[in-house]
Each structure stands twice: as structure tokens, then as C-alpha cells.
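Trainee: Residue numbers (our numbering), protein chains in the order written: chain A, 505 to 778; chain B, 215 to 324.
Don't read these hints as lab results, they were simulated from the structure. The reader is advised that the hints may include incorrect statements.
[As the list claims (entries may be wrong)] DSS-like cross-link-like pairs, simulated, lysine-lysine; straight-line CA separation at most 25 Å:
| # | chain 1 | residue 1 | chain 2 | residue 2 |
| --- | --- | --- | --- | --- |
| 1 | A | K521 | B | K278 |
| 2 | A | K568 | B | K278 |
| 3 | B | K254 | B | K282 |
| 4 | A | K568 | B | K291 |
| 5 | B | K254 | A | K545 |
| 6 | B | K301 | A | K521 |
| 7 | B | K278 | A | K543 |
| 8 | B | K291 | A | K543 |
| 9 | A | K545 | B | K291 |
| 10 | A | K545 | B | K282 |
Take a look at the letters that make up each chain.
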Amino acid sequence: MPTLRTIVDGLRSLFRKQRVDAELDEELRGFLEMAAEEKMKQGAGRKEALRAVRLERGNLEAAKEVVRDARWESFVEMCWRDLRFALRTLRKSPGFAATAIVTLSLGIGANTAIFMLLDAIRLRSLPVQDPQELAEVRITDSGHQGMGLNQQYGELTRPLWQEIRDHQQSFSGVFAWSVNLRYVGRGSEMRHFRELRVSGDFFRVLGIRLWRGRLLTPEDEGACPMTRAVVSNPYWQNELGGRVLSPAIKLVVDNELVEIIGVTPPGFYGMVVG
Amino acid sequence: MADKQSDLVQGTLDMLILKTLDLEPMHGYGISARIEQISKGVFRVNAGSLFVAFQRLHRAGLIKGEWKATENGRRAKYYVLTEQGRKRLNSETREWGRQVAAIARILEAS
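In isolation and in its complexed conformation, chain B is listed as follows (with noise of 0.2 Å):
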């Protein structure tokens, strides 16, 4: 399913990309691959996507960057959620569930 998430809603990429910098700060590929990783490979995000979502998030306030060294002695800038961020992943996490339930809701109905 390559790809297939560029269908989605504009702020879903932005919420999985919060929700992978609430567990650490992350540089770019290991954010994609963090949401990889977890979605089991149902999710693969493209590089232009994702850096887009980026500096859309950085110029909301929602993230800052950073430059610093990987483990593997490469530079990489990192991203970190600031208090903004969080107080936007909560609010959003909040509404998904909201309308996830209601979608459940609506599909269930006999």
C-alpha cells in the first residue's frame, strides 16, 4: 500500500509525525520509518510528503528542529515537539477518536 496515505486527510500524516516525536525526538528518516514500522508496513510515506508536513508543523509552532549527531555519527536534524505540539496531538487524538467511533457507529448500523 505504497503511498496509499497520500489519499488521506492532511492532518492525519501530521498527527502520526506528532505522535512519533511525543515518544522522542526523531530525525527525518526515522520518523518515516517509525511510522512504518508500527502501522506494519501499511503506511509508507514519501519523502516529499513528509517534508512538506515538516515545515508545515515547524512554521505552526508545533515542532522544532535541531541539528545533532546520530548514533552512527552522521548529522541529522532532529525534531521535537514542543508544548504547543503535544497540547495539538492530545486535542487531535481526542477528535480521531471522536469520529472513529462515530464512522464505527454508522458502518455498524443494522
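One chain only, chain A, in its complex shape (with noise of 0.2 Å):
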């Protein structure tokens, strides 16, 4: 197992640094002992025989620095030593580490507020069974708006819908829809909900799964008033208590007496991403 002695010798000299350093320390004395009693076997000085030893093998303070170097955990003493000198550093000039960290956490704060804004508005993908295949189609060249309250789309007419709905060949299914914000109840129980007007085949298309009821189909349109609509899960956990769906229940939107034929599963909550 190469690898794990690495790994262990490493951790060794890491913690028990100045054991494995006198270590090393006594092998090269000894080294350099050994060599120049040779040389002084054969007549020469001390002196003179730890000279030449010196320069036939190297110095041997720059040998201990190759040996030390050539470790993987000097580089991590390496990086430890200059964290700490950099601490150091800053804490001389606590101005200028205050303007630093200042600087950095404003900057990385704008960035994680940009961010959380660009994910929530574009990076997201509506909770439909394949997001990715679906495709906007709408008319860009408006050198006028539409009428009404919905003028985003205000250029396409029903009939110009019918068209593309009948003779579109790009897509596996189209459907059309509108946001309007609408009253539900009476009187002084009136409230404002956002409405989601959808062509026939709108959770066909999406491939929304049915929770409670029945969705609506293409049979179901047409009818002008609405009578038949399809509520979020939400809706109708806070506003309906969750209860059975029956022809009986009724909710009047704008004066008029609409059919809850179903309820949406809990993800889906319209074509809105964020």
C-alpha cells in the first residue's frame, strides 16, 4: 500500500514535525561523519576532510531543505504558514482588513441577491411533466397593444388562434391562455383571485396529473360565460377546506355561478415561474 504509507509518513512529519526533522538532522551528521572519517583515514584534517566532503556531496543544509521539500505535506505547511502570516498581516492593519472583509461581503452579498433573483425568474422550470419542450409563441412585432386587460397578448384573436391551434405542425399540442384577476363571492364577501383562462387542451398539453375531479378537456370550451373551472390545490385546501367535489359546489366568480370540476396537484401553480 504506496499510497497509504505516503499518506501516514506524511501525517507523521506533519504532527510530529521536529522528531522526524531530527531524525533526518541525525542522518545527515551521520552521513557527513562517516564520510570525512574516511577522508581523514587517508591523512587529512578534520577540517580539511568536512570541506571536501562538503563539496563533493553537496551541502548538506541544502540537502535537508530537498529532502523536506520533495514531502506532499510540506506544501500544506507551506500554505499554513502563509495563512498565518497573512492573519498576522491583517491584524497589523486592522483598517484596511475591516475595508477588505467590508468589500468582500458586500460583494459576495449582491451576488447571492442577484443570483436568487435570476433563479427564481428565469432558471426555474414550471413543475410540468417535460418543461424543457415547452415553447412561448406569441406575436413580437406589436406596433400597437390590444385591448383589454390582458394586452401582453392583446394581438391574438380567437380566430387567429383557431388557425394556428388547427394547422400547427411544429408541436405535439398548443394551447392558449390569459391571467386576469377576477371576484370571487358576494358582497362584502368578495375577493380579488388571479385567474388562469386556458384553452381546451391546456392540461392535456402540460401533462398536469388530475388530484381531485376531472380537468378540463376540449369539450369544455366554448361556453361563454365560463361555467366550469378547475382550482389549485391551495385554493382549495384554504378556501374549500379540502372537501368532496360535487355539482352542488359552486363558487361565483364575477356574478356568475361556476362549477368546480377539479383540483390541480400540489406542485402546479400556473405559468409563472418564481
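Put the two chains together into one complex, using the hints given.
Mentor: This is the structure we're talking about:
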């Protein structure tokens, strides 16, 4: 297990540095002494012998450094030294340190905020079956705004939409939708809710599974004013108390009775990401 | 030709050390003296390269070190070949022979 030994050896010299260094010291000193003795046997003086060994074998202090640098753990040691040096320097100039820390935290904070915003608005996808296969079709060259509240898609008239629906060949399915604010309830009970007005294929194309009751299909299309609706899971829980659906349960939407025929699954919240 | 061997492939010094230790356990100076003596002075090993090589071989599990007294009563770290080291020496020697023969064939080609 060469790798394991390398790690164990490295850790040993990291945590018992003095002992490992002392051992290397002694080993190298022994080397020097023995080499010098050999020279002295040939009649050289001690000083002369030591000098000759240094010339022949290289400087032993330098050798120590070479051996130490060859270890992986000396890199760790160096980083640790650098870190401590950096901290010491920062402590000596607290003004500079504070400026640096504030700058960094502001930068990181701003980045995080922008990322969170972007993530919520752009990076998440709709909680439907194959969000990556969805495409939005709209009229871009809009010289004028449409009529009514829903100005964003105002140019898309009903006949235009029907042409697209019946003749498009690019998609496995298309649907149209609009977002409106509606009043639900009567008199003082009246409250604002967001309504998603959809074409018949909406739930099938998005691949949304049924939670309760049934979902709207193309057969439900055409009724005006609308008579049937599907409610979101939170609405069903909070406003309808999660009760069992029956044709008797009707909502008053803008003073018209609307039958609740189904509930969408918990994850689905509409067509707006974020 | 002092220190010419530092130009050699790194593995060569390792192989020479392993071969020296195959004869008998030896301390650092003994190994370098033996290499110098057997090569008739062609190879003189620098202390730095030598001890780096010991460290490398030890970490590769090819040699072991133990402190013992020398014949002159000095304490020294003796290196011993491990079983793995012996195997490595055999395979390296074979490989070396193959390469030398191949190089010789190329140089002698006419």
C-alpha cells in the first residue's frame, strides 16, 4: 500500500515535525561524519576532511531542504505558514482588514441577491412533465397594444388562435391562456383572485395529472360566460376546506355561478415561474 | 564525473540503491560509498538526491529504515530491502537489461 504509507508518513512528519526533522538531522550528520572519517583515514585533517566532503557531496543543509521539499506535506505546511502570515499582517492593519472584509461581504451579498432573483425568475422551470419541451409562441412585431386588460397578448384574436391550433405541425400540442383578476364571492365577501383562462387542451399538453375530480378538456371549451373551472391545490385547501367535490359546489365569479370540476396537484401553481 | 548521475533517469538511482541493499542492510553513507566503489568512481551521489531517494523508496514501501549501532559504535539508520523492494529490483533489472540490449542493437546497427 504505497499510497497509504505516503499519507501516514506525511501525517507523521506534519504532526511530529520536530522528531522527523531531528531524525533526518541525525542521519545527515552521521553521513557527514562517516564521510569525513573516511577522508581522515587517508591522512587529511578534520577541518579539511569536512570541507572536502561538502565539496563532493553538496551542502548538507541544502540537502535537508531538498528532502523536505520533496514531501507532499511540505506544501500543506507552506500554505499554513502563508495563512498565518496573512492573518498577522491583517491584524496589524485593522483598517485595511475591515475595508477588505466589508468589500468582500458586500460583493458576495450582492451576488447572492442577484443570483436568487435570477434563479427565481429565469432558471427554475415550470413544475410540469417536460418543461424543457415547452415553447412560447407570441406575436413580437407589436406596433400597437391590444384591447382589454390582457395587453401582452392582445393581438392574438380567437380566429387567429384557432388557425394556429388547427394547422400547426411543429408541436405535439398547443394551448392558449390568459391571466386575469376576478372577483370571487358576493357582496362584502367578494375577494380578488387570479384566474388562468385556458383553452381545452391546456392540462393535456402540460401533462398535469389530476388530483381530484376531473380536469378541463376540449369538450369544455366554448361556454361563455365560463361555467366550469379547476382550482389550484392551495385554493382548494384554504378556501374550500378540502371538501369532496360535487356539482352542488359552485363559486360565484364576477356574479356568475361556476362549477368546480377538479383540483390540480400540489406542485402546480400556474404559468409564471417564480 | 561527479554528480553526472543527476542527469540520469530518476529510476536509475533508485535501482542502484535497491541493488546495494540487496547485498546487505546499509546506512546512507555506506550505500553511497558502495555505489561509488562498485562503479569505480563513475557515480558519486550527492547527499540531497540520495536522501530524497530514501524518502521516496520508503514511502513506496520498497525499503525500511531502522536505527542501529555501526561497527564504530556510532548510531545510524540502516535501510533494509522489503519483500516488495526485492520484487521491484528484479523487475527493474530485467527491464533495464531489455532496454540496454535494445539500445546496443540500435547503436551497433550498420
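Trainee: Please flag the earlier hints that this structure goes against, numbers listed from lowest up.
Mentor: 3, 6, 7
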